[in-house]
Structures are given as structure tokens and as C-alpha cells.
Amino acid sequence: MGTGFFTSVDDVSAKLAGAGYLASTAVATTVFLADRLGKPLLVEGPAGVGKTELAKAVAQVSGSRLVRLQCYEGIDEARALYEWNHAKQLLRITAGRDETWEQARTDIFGEEFLLRRPLLTAISSDEPTVLLIDETDKADMEVEGLLLEVLGDFQVTVPELGTITATRAPFAVLTSNATRELSEALRRRCLFLHIDFPDEDLEREIVRLKVPGIDAALADSVVRVIAALRAMDLRKLPSVAETIDWARTLLALGAATLDERVVRESLGVVLKHQDDIAKAGAGLQLEQVLDAS
Amino acid sequence: MTGGVPERLAAFVKALRAQGIPAGPAETVDAAAALEVLGLDDRALVREGLAAALVRRGGQRAVFDAAFDLYFPAGIGAPERAREDQPMTLEELREELAAALADGDRQALSQLAGLAVDMLGQYGSASGPGGGFSAHQTLERLQPQTLIARVLAAVRGGGARGEFTDRLDRDEIRRRVEGFRGQVRTEARRRAAEVRGRERVAKHAIAPAADRVDFLIASRNQLAELRRTIQPLSRKLATRLAARRRRRTRGQVDLRRTLRRSLSTGGVPLRPAYRHRRPGRPEIVLLCDLSGSVAGFANFTMLLVQALRDQFSKIRVFAFVDSADEVTHLVTTGAADPEHLGARMLSEAALVRWDGHSDYGGSLRQFTENWLDAVGPRTSVLILGDARTNGGDPNLDAVRAIKARARHVYWLNPERRSLWSTGDSAALEYADVVEMHECRTVHQLGTLVTRLLPV
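For the record, the sequence lines run as chains A and B.
If you want the numbering used here, it's the position in the first sequence, counting the first as 1, plus 1039.
If you want the numbering used here, it's the position in the second sequence, counting the first as 1, plus 826.
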């Protein structure tokens, strides 16, 4: 049971590129498999390589609705799956004073009093849906148990209503920063995709696409400096998001080429720790200028 | 070449399992389904498709790729170009390699890697029992690192262009050379597998994932790679510790706040409020043997504990070889340069008095005499070392004294359990006094840290 958004791997690449997402072979292949096999996609990777963007792009190109569940510490069933609308139920009970208990009981546990949260919304939707479960690792272990039923069989069991099975399986994307090891059971139900920093050619294209108006030579220099930074032993390696930010900054500063002064002044856009900046300065030999001025 | 795709896939999965990637039957079925969808036309797609189904976490990809290149090789036998008539000389090969490195042409580089292994890597008779292909021999004869200057000149086309990015050229070329060495290793494994059988090569020649490398036999590169995992690992461990802390306080209902909250739902307590307990953060004292081969393990653990510092109210680190000294100030981050940490400790702290052989008895006595007040009832003490006393007195009384004052004392031993108390090791004697755990890999260390450290 697949979602059937795409016809081939090349089709995935072309469509995603049309939506402004340049996919590597790994990304395109895995998205295609997830689409065909109807399995959820677990995406891991450093912050800022476009894990969430991928889900958004898939939703955009397939014309589906994006349902997003943002996980955080302490998220529970009531926030992720469904909740009974207690206030409304109380109102209903007060309104129907003459009813027998049997009537009231069957009535207040109907669809009308059910508050749908993202997971249930995605499952019960008739239109094509992309379900994005963002930062799954931030949620507690218990929520993972909840996800097993939803992602394994695309169904949800509400004790009072019975089991709701998806008429159309959503295209499910789970993202994780690996702050916590996700359970083996959850991993088994998903296709795994590790998005790493893109290679230089791809990153150059990304910069050109995201920062129109940037000079080709400048984009090339930016990507090369970023690659050099990633080879250093830094606390937080610059990600694609930082590359784009930096390219935008340079464009705004009106820099036509990179030189020591521009790099030194704008390095804070790329690196977020003071000791990283110091280390990168030494590695890129920026201090030569410091001495001169 | 025996068997069809299913057999090949099953053998591949078996090899992955032997390398610590736990792919079960369900994963194998997924992999087969992926192959059915993708077809077998494009090797890159097959690789990514199988990876999506079989790999389960980030660190396993390198192992997967190495195994994939063995079980789904790009070709059989000698590469296309080696079968041509006129053989190349070594100098011609180096010439072409330099050109390919200058262009950064991956296609050409991988072809040249195949050619190089074919020309230079063979030893013994090609198909005989003692023969094979060696990446080491290939690289030794080819010496790609000596090409860097030549490639640099080619890239710059004469003089430097005076641009900012010029300074990056050298490092970039070095990375390309490193990539080429990797391709040579892959190619040599592939050729060796044809001679000696895939299973044997897969078992011995694939480097294990970083977190399964034995601390005591890790090479310098592997240790450097391990250090890069400290930040993510510490984040992961911190989350686990925090989760344990939360679980401990779960389940106690705070009656007053529950009643207060219930007012919004008509006096019915629908959402109970739970009691929070303010966590007391524990103190940690590390006592590390920094001699010789154990130092890699001790340094790693020190940095890891330091990276976890916001989980503890206080961390003090002591190191010893044949004399103990406090090194807390050297481990503080920001100032810490992990690569040279060990060397700095040895030069700046008084750790070696005599010959640089570890003296557990003396060092423990020194610790109990000078710094025993660092250990209190809220302190967990971790002792890191192989307990090899070089025949000296193990000084069990000192360990007992530490244990009497501390909340917990744990000993992490980087040696395999079967080696404890062999030779000059006093491991089992110490193990009688304090809890001792085998801690040979990052994987084990991670598990121990989450389990042992108090919350």
C-alpha cells in the first residue's frame, strides 16, 4: 500500500527540485521507496540539513495536506492523538437533564466530542496527507509506543469508538536529531535516511537556488570555505542553513569576493560558539590581517 | 558467483549482522521489496535502497558501504583499462592520478584506484592460495601523498591567484588524496574477496563502527574519530539521565494542586498534578590511570564526563601514573584541546616521578592522603584503569577508605574480562572491594554511564 505520489526516482528528484528542494540520490531514492512501499520515513541528521524541509517539499509537490506533530518533552496522547472535549461533554450533559443515563452515555462519546490531534487527523483524512512528526527524539518513550500502532498499521484505537483505520495511508516522515536513541521497535517500522551535509557540487547548487543573484564565483568560494570549516574539529559544524545564511549576508554586505576582513566580520553567521570562531580563525589564517591592522 | 539475488542478499545481511548491524528478517524482506521497486539497473540506487531498509542509525553507514562494495561489486576481475594491451608505467599512472586529483574527478579517481591495485597491489600468485591484493602495498608503491605539491601547482596554474580561497587548496587536495586512499582500500578488498572468498574478507577487512572499536587497540585516527562523537554522545546521555531523573519522581500526586486545578473542570479532578522533587545534583570524582595505552580510554572518558558537566554539581578529575595529581583545570572545556590533552596533562601535572610505569598502590595512597576530602557522601567515584600494578602493592585499604566515604565507587576496566588478574593485573582483587565493569568500547561506556551514574 503506497501513496503513489511519484513514478520513479528521477521523477522524485525533478519534482522536488521544482519545489526548491535539491535532493541527493540517497534522499530521492529513499523518498521514492517510502512512497512505493508505504512505509514511514525516519530522517536523521545534523540540525539544518533540511529534514523538515523535505517533508514540506513532498507535501507541496504531491499537493497533499501537511499535518505536523511537533514533539517536545512531555507530549502525551491527548496532544498527539485525540482528546475528549470535556467541557463540551459537560455542557451536553447539563443541557439534556431529562435523558436516561444510557442515552447520555452513548451520545457524549460520539465523533462530535472528539478533538482530533495531528495523528488522528492524518489517519482519518480522505485527501492525500503528509504526516510530519518533527523531532521525535524529544518525545518520551511512551509516545513511541503510541506511534507504533499508528505507523505500523496506520490505525488508531479509541476505546469508546473502536479502531479507526486509514482509508488513505499518509506519507509519514519522522525527523530526529538523535539526542535520544529511538527504540528498535520504532526504527524497524521505518525506512531509515541519514541526511548528511551535501557534497560540494550539490551545496553549490543549493546556494545558487536559495540565494538568487549571488555571483557564481562567490558561491563557489563560500561552499569551499564551509567545506574547510567542516573538516575542522569544531563544536558545532556549519550546516546548509548556515551556508545559505552566510551567502545571504555576504550578498547584503555587497561583497563581490571573499577576503580576510569580510570573512572575519561575518564568521559569526556561520559559527555559533566563541571557541569555534577562534579555532576557525586560526585554521583559515585570519589572524594575519589582525596583525597588519 | 553462485546463487541469485535472494541468496546474495541473505549473505549480505548475514555479513552485516556479523559487523554489528542488527538487521532481522523483516529488514531483509524490506530490502528485497526495495530491490523489486528499484530494479537492479543502477548500482547507486540499489545501494541507497538497501541502506534505507537495512541501516538503522547514522554511524552504521560506513560499515554498510564497505560490505556493500564486497557483496555488490562494481565489476569482476581486473578493471577494464588494465585489460588493454599496452601496460602503463608507474610514472604514467602517477601522472594521470595527479591530473585526476587536480580536477577532483571522482569517476577517474575510482578507475585509477582499480588500475593501481591491479598493477601494484598484487602479491603471491594471483589465483594461488597464498596470493591476494594489498591496499597497503599499493599505496606504499604509489605514494599518492607525494603528489600534493604537483597537484597544487596544476590547480593554481602557475602563480597563486591572490584569492582568499587559495589557502584552502592544500587541504582540499589532501582530502581528495584521502578519498583516493579509501577507494584503493575498497578496490583491494574487492579483489581480495575474489581470491579468498567474500565471507573471510568481510569478517576481517571491514573496519568496525566507531562505537565498537576497542579502546586499547584503537589507532590514532580512530581515537580522533571517537572524540568527534563526544558531543552527540554526551547530549544523548544527558537526555537519558534526565529521563531517569524524571521517572523517579513520577506518580506522587500533589493533592493541593490537584484540587486547585480541578476547579476549572467543575470540581472533578480530571488532570491530577504531580509532586516535583527538586533534584540534588550528584558530584563526580574521576580517578584515571594515564599510563601508556590506557590513556586513550581515560582521556576519552574524562572529556565525556566533562561534556556532561551540567548534569552534575561538581566534577573533579585526578590523574596518576606513578604519582597522583589533580587535573580538573586542564579538562575544563574551551581551554581543552582534546588532541593534546594527554600530553598536556603529563607535562603540566605531577604524574610521573620515576619511570612512567603505573603505580596503583602509591598513587591511591597519595590520593587518600591529599584529596580524600574531595570524596563525600554525595560523591560518585569512577576509577578508570586496567589495574596493572606492575607487581606493586595494590593498596586495597586505600580503595576501601575511598569506598567508605563515597556514595558509590565504580571501577571501569578497559580490558576484556577474561584478562583480568592475568599477569600483573590486580583486577579481581580490586573487584572484590569495589564494583568493576568491563568497558572496552564507546558503546559499553555509554551504557555504563547511563546505568551507573546517580541521578
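Take the hints with a grain of salt, since some may be wrong.
Residues of chain B placed beyond 10 Å of chain A at every Cβ, according to the derived structure [stated by the list, open to error]: (1) A878; (2) G884; (3) T915; (4) L941; (5) R1082; (6) L1096; (7) A1175; (8) L1222; (9) R1266.
Here are the computed lysine-lysine pairs in the DSS-like style, where the Cα-Cα straight-line distance is at most 27 Å [what the hints assert, rightly or not]: (10) A:K1095 / A:K1249; (11) A:K1275 / B:K840; (12) B:K1140 / B:K840; (13) A:K1275 / B:K1140; (14) B:K1062 / A:K1311; (15) A:K1095 / A:K1177; (16) A:K1177 / B:K1062; (17) B:K840 / A:K1318.
Please keep in mind that the hints were generated in silico from the structure rather than gathered at the bench.
Ideal placement from N, C-alpha and C gives every residue a C-beta, glycine not left out.
Hints versus structure:
no. : hint              : verdict
1   : A878              : 4 Å, violated
2   : G884              : 5 Å, violated
3   : T915              : 33 Å, holds
4   : L941              : 24 Å, holds
5   : R1082             : 21 Å, holds
6   : L1096             : 6 Å, violated
7   : A1175             : 22 Å, holds
8   : L1222             : 38 Å, holds
9   : R1266             : 20 Å, holds
10  : A:K1095 / A:K1249 : 16 Å, holds
11  : A:K1275 / B:K840  : 36 Å, violated
12  : B:K1140 / B:K840  : 46 Å, violated
13  : A:K1275 / B:K1140 : 25 Å, holds
14  : B:K1062 / A:K1311 : 21 Å, holds
15  : A:K1095 / A:K1177 : 20 Å, holds
16  : A:K1177 / B:K1062 : 11 Å, holds
17  : B:K840 / A:K1318  : 44 Å, violated
Comparing the model with each earlier hint shows violations of hints 1, 2, 6, 11, 12 and 17; every other hint is respected.
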